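Put chain V on the given structure of chain Z with help from the hints.
2 protein chains.
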Amino acid sequence: MTTEPSPYWLRDNCPCAGCRDPRNGQKLFRITDLPDDLAIAAGAELDGHLEVLWSDGHRSRYPLPWLAGETGEAGDDGRTEAGKRLWEAADFADGLPEARWEAYLADPAERAAVLTAVRRDGFAVLRGVPAEERQVLAVAGTFGHVRVTNYGELFDVRIEPDPNNLAFTSAAISPHTDNPYRDPVPTLQLLHCLENSATGGDSGLVDGFRAAALLRAEAPEHFAVLTRTPVPFVFRDRGTELRADRPLIDVDPLGRIREVRFNNRSIATLRAPAAELDAFYAAYRAFAAITLRPALQLDFRLDPGDCLIFDNVRLMHARTAFAQDGRRHLQGCYADLDSLASTLAVLERRSAALDELAALFEGEGAGEYLGEAVTMAEHMLQAGALAEAAGAAPHLVAAALLHDVGHFRGTLHGRDLMAGQDNRHSDTGADWLARWFGPEVTGPVRLHVAAKRYLCAVEPAYRAGLSEASEYTLRVQGGPMSEQEAAAFADHPGAADAVAVRRWDEQAKAADARTPDFAHFRPLLASLMG
Amino acid sequence: MTTEPSPYWLRDNCPCAGCRDPRNGQKLFRITDLPDDLAIAAGAELDGHLEVLWSDGHRSRYPLPWLAGETGEAGDDGRTEAGKRLWEAADFADGLPEARWEAYLADPAERAAVLTAVRRDGFAVLRGVPAEERQVLAVAGTFGHVRVTNYGELFDVRIEPDPNNLAFTSAAISPHTDNPYRDPVPTLQLLHCLENSATGGDSGLVDGFRAAALLRAEAPEHFAVLTRTPVPFVFRDRGTELRADRPLIDVDPLGRIREVRFNNRSIATLRAPAAELDAFYAAYRAFAAITLRPALQLDFRLDPGDCLIFDNVRLMHARTAFAQDGRRHLQGCYADLDSLASTLAVLERRSAALDELAALFEGEGAGEYLGEAVTMAEHMLQAGALAEAAGAAPHLVAAALLHDVGHFRGTLHGRDLMAGQDNRHSDTGADWLARWFGPEVTGPVRLHVAAKRYLCAVEPAYRAGLSEASEYTLRVQGGPMSEQEAAAFADHPGAADAVAVRRWDEQAKAADARTPDFAHFRPLLASLMG
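Quick mapping for you: the protein sequence lines, in order, are chains Z and V.
Just so it is clear: in the first sequence, position 34 is 34 by our numbering, and no numbers are missing.
Just so it is clear: in the second sequence, position 482 is 482 by our numbering, and no numbers are missing.
Chain Z with its partners taken away, still in its complex shape (with noise of 0.2 Å):
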């Protein structure tokens, strides 16, 4: 080791089956059942690992990229200045982040591209969503739950006769966040455009966490100020009372801004010494004025069918006034950064499996099938070719096509297979395939080796069809199942897929066979993910 790491953080991080459960990543133990002298007791480099044996007697294995921080957990969570792009209008110029509706939904990429959008600069628009009643909700879902509150699960955006909010005005309003007078703030808000027929009533938006950053360069005095007085917010009508104290700009423990509070139509009466109250009136007319700038705000007009999706915590919105000449209505939700963000994640990580499957049939798939005369690549692409062809549904296609990526998964390959030592490799793959894909998929993948000695038990044409290679192997898997064994089988509420999946396995050994690529299939898969 070129440096000591710290033991209880070493200890914390063991991966060990003991210290984490296998099936979702929990840590099993709790921080006090570490014992208080504990110590590396040895360590030594082993086989790209860092073998530690502890002075409790425990024994921790830990990979030498991640203890170099190569893998594992990058980065943080995102939500501060650090992980954004801060803006100015001009940066627009060439348009916004947007995509269509039916576009996004159909392409978990183009969906990845909106989220990122919303994640970097704060906000996307969707163009061409159904201008229907109730559709954000339908938007809002797409990513993640919505939040209730007091406006109700949705709120309408047009003139009302008796408003409870300026919202349901004709009034022009300036930039702001919504709902400061609550804690939790909701993070993120949708606004879906209905009708916009009025003259004005155009939409601006203005990156706060830009404001932010101009009023710490320009005058760090107000910043700090800003970002240490927690300021009432009060929200107040027949049903509701609201209020949250908290500071306009909202830094994280190591200074970066992490959020931004600002609503003038909310602030309560703020009670503290005069000298402190002249000291943030001063920092706050600063930090407006800067929201004002011209250079910070980004106009735009949304269309009927537009649905506006944005960081509440750090965008502000506006709009211009408009004449009652026609009519405006949108219909608004709000939902939270935190699930947004996961689905991001999930897009990505999936993508990323996909990729690596990708490289493994370019790869070592396209390496040696145990005695076959087709490649595992190939093997693996005709199987799922030909249960297209017979019209399979796509999850049977899924596995059909994946059915033998343990072979190339594990510590055992499939060349100890040939070896005669079974590698299990129907368990490895679908145990794999579990991070992605459902037991739709997985199920026939798992069973694939099971309907063999199944098939071979039952159906003596079947064996009799059985390339040498399989014929040999079938003997390193347990041969023909038992009478009894395979009426078993036969009443396992997936024999029937796993049959179906190994009798294309068997076809798909053909030397001359034309098959599409990982490429045609990547679609069919990315959606049995979603």
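To be clear, the hints were calculated from the coordinates, so they are not data collected in a lab.
Note that the structure is a prediction, hence the values are computed from the model and not measured.
The beta-carbon is built from N, C-alpha and C at its ideal position, and this holds for glycine as well.
Among the clues, some could well be false.
Here are the simulated lysine to aspartate or glutamate pairs, DMTMM-like style, with alpha carbons at most 20 Å apart [what the hints assert, rightly or not]:
1) K27(V) - E160(Z)
2) K27(V) - D237(Z)
3) K27(Z) - D162(V)
4) K509(V) - E372(V)
5) K27(V) - D162(Z)
6) K509(V) - E468(V)
7) K509(Z) - E468(Z)
8) K27(Z) - D56(Z)
9) K509(V) - E364(V)
10) K509(Z) - E362(Z)
11) K509(Z) - E471(Z)
12) K27(V) - E241(Z)
13) K509(V) - E388(V)
14) K509(Z) - E372(Z)
15) K509(Z) - E388(Z)
16) K27(Z) - D237(V)
17) K27(Z) - E160(V)
18) K509(Z) - E364(Z)
19) K27(Z) - E73(Z)
20) K27(V) - E73(V)
21) K509(V) - E471(V)
22) K509(V) - E362(V)
23) K27(Z) - E241(V)
24) K27(V) - D56(V)
The following label-pair restraints were derived from C-beta to C-beta distances [as the list claims (entries may be wrong)]:
25) D202(Z) - A390(V): 50 to 60 Å
26) R85(Z) - T320(V): 48 to 58 Å
27) L137(Z) - W66(V): 37 to 47 Å
28) L53(Z) - D202(V): 33 to 43 Å
29) E195(Z) - P161(V): 48 to 58 Å
Just chain V, lined up with the frame of chain Z:
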């Protein structure tokens, strides 16, 4: 003025109708709308107010008690340790904060007591909640909105075959907060017991604020480390990848404990120089050891029908292991403290309004009623009693009881009416009541004078029966309606209710009638505020 108030602060708090929407109290100007050189041109105390002429010509008028901080929003949002009662287990030797579900539903005071306990102690138990599926959502609905998470709208805590979380096994779970990997984290949790016949499976709570305060007292350097170290909390399953980097102990800008996150299961790899990791783990282990002190552990058993409501950013909850000799099934959901605080504030505001009404009936209401043989309070109580005796709907009983409340509200008094100046008491009364009651109550109050003018127009016998005083005020109020006015009134959807109230009004002037007192009507009024 004894001290010079801060000018921008003072102006930002101008209560005039041009500066604040009288309907919702929202401010109607931007802080940047105020001139850069704003100053007080002249100020004087007059009639209990500070009258200010501003340098830009605006005039403001501030009640002196408000200026002195005696009225207006007091305190803060109650979310830090300053607003709590920090506890150890012995503080509940005489019992937990609890209520019966039926009493909680029926009695606003009981509801307020339970919600107060959640705010103050961090938890309360409702007993006798029907042990039925999804009932926990009904409990949450009494004070807020369910926060949907990756676990769904609600979650079942029972043994699951392939758990994605330790909660869904029979293992012991040490004190922790839930979902620390969410940001915003759900601030409230509900656990509703449907079955608990297993041996073990008891519940435990620890006051995390108390534990943090002890750490601060005993080892301030450890406390400081935990408040300034963002910890990566991670949860990952096939469809989820949540991450939040937050300190274990979150303090507000004034250094007060505000939130605790504590869950070793989901702490991922913290990356920092070894010395910082050593400091963090020493502090973390010290904090964890405090949470395990027997004095802090409040243990109890949830029985079927019990619903525990607790603050998930303050209290840590735990569970003892249980044997599989019986069944244990809880249903849980998440919600948020802000809505709970709002619900409590509205309950308290309504209770205060009823107190104020009661005082009016006893105070001003005991005075002369415009030349009638009864006091104003007797008159209104009689009207309410007549409506009740007639089997009228609750909102009509309330309207009859409260119809003349405008006589003792507002700037013009009932005596002005007798002096020939219409005090528009139906409007002032209805406006005041609208802060608590819906249009079904305020409508008849608002229209009860119009109803008199209507009845005098269409029913000669009604007019003949008016008391002498009522005949006098009729003229001040505009006399009988014209035929056109009467037709328009009859078409009004609220006409029938207003006429009904008016008839009880006229009958309610008997000098010798025995009526129930205000307290008799209080539950009815409270139910109409709900």
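Verification of the supplied hints:
1. K27(V) - E160(Z): Distance ~18 Å between K27(V) and E160(Z) Cα, so the pair holds.
2. K27(V) - D237(Z): 14 Å, holds
3. K27(Z) - D162(V): Roughly 16 Å between the alpha carbons, so the hint for K27(Z) and D162(V) holds.
4. K509(V) - E372(V): Judged against 20 Å, a Cα distance of about 7 Å means the pair holds.
5. K27(V) - D162(Z): Given that 20 Å is the threshold and the Cα spacing comes to 16 Å, the pair holds.
6. K509(V) - E468(V): Since the Cα atoms of K509(V) and E468(V) sit roughly 12 Å apart, the hinted pair holds (cutoff 20 Å).
7. K509(Z) - E468(Z): 12 Å, holds
8. K27(Z) - D56(Z): With a Cα-Cα distance of about 18 Å, the restraint between K27(Z) and D56(Z) holds, given a limit of 20 Å.
9. K509(V) - E364(V): 17 Å, holds
10. K509(Z) - E362(Z): 18 Å, holds
11. K509(Z) - E471(Z): Holds - the C-alpha atoms of E471(Z) and K509(Z) are around 14 Å apart, at most 20 Å.
12. K27(V) - E241(Z): 16 Å, holds
13. K509(V) - E388(V): Status holds; Cα separation ~16 Å.
14. K509(Z) - E372(Z): 7 Å, holds
15. K509(Z) - E388(Z): 16 Å, holds
16. K27(Z) - D237(V): Roughly 14 Å separates the two Cα atoms, so the pair holds.
17. K27(Z) - E160(V): 18 Å, holds
18. K509(Z) - E364(Z): 17 Å, holds
19. K27(Z) - E73(Z): 15 Å, holds
20. K27(V) - E73(V): Status holds; Cα separation ~15 Å.
21. K509(V) - E471(V): Judged against 20 Å, a Cα distance of about 14 Å means the pair holds.
22. K509(V) - E362(V): It holds: about 18 Å lies between the C-alpha atoms, which stays within 20 Å.
23. K27(Z) - E241(V): The given pair, whose Cα atoms are some 16 Å apart, holds under the 20 Å limit.
24. K27(V) - D56(V): With Cα atoms ~18 Å apart, K27(V) and D56(V) stay inside 20 Å; holds.
25. D202(Z) - A390(V): 50 to 60 Å: 56 Å, holds
26. R85(Z) - T320(V): 48 to 58 Å: 49 Å, holds
27. L137(Z) - W66(V): 37 to 47 Å: 42 Å, holds
28. L53(Z) - D202(V): 33 to 43 Å: 38 Å, holds
29. E195(Z) - P161(V): 48 to 58 Å: Taking Cβ atoms as reference, E195(Z) and P161(V) lie about 50 Å apart, which means the hint holds.
This entry satisfies every hint, going by the numbered hints stated previously.
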